[in-house]
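Quick note: the sequence shown uses this note's numbering, first residue 1, plus one each step.
Calculated from the structure, these hints are not laboratory results. It is possible that some hints are incorrect.
[To be verified] Pair by pair, the computed Cβ-Cβ distance ranges are: (1) Val21 x Pro68: 27 to 35 Å; (2) Tyr29 x Pro68: 20 to 28 Å; (3) Ile24 x Pro68: 23 to 31 Å; (4) Ile65 x His11: 30 to 38 Å.
This one's a predicted model, so the numbers in the text were calculated from it and none came from an experiment. Ideal Cβ positions, reconstructed from N, Cα and C, are used throughout, including at glycine.
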Amino acid sequence: MISTNPNEANHMKIKVTLLLVTIIGIGIYLLRDHTFEKGLESNSDNQHVEAIVNPDSSDEPLPVINFPL
């Protein structure tokens, strides 16, 4: 039965919207978790790229910067 009361119609819209947001949120969480686990399986080593500046070009020591892949 379709309600003609505007308050009940708005309440139903809010319920449907919250349900859709919840379903989408759970889907994104599960997809993110699945891709994170797949990434760990294919890349068992923790790889980093090191950028080292030639210390002979300056008198002060320079830090080593690690960029995770």
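Hints versus structure:
1. Val21 x Pro68: 27 to 35 Å: holds, 32 Å
2. Tyr29 x Pro68: 20 to 28 Å: Holds - the Cβ-Cβ distance for Tyr29 and Pro68, about 23 Å, lies within 20 to 28 Å.
3. Ile24 x Pro68: 23 to 31 Å: holds, 29 Å
4. Ile65 x His11: 30 to 38 Å: violated, 55 Å
Going through the hint list in order, the structure does not satisfy hint 4, though it satisfies all others.
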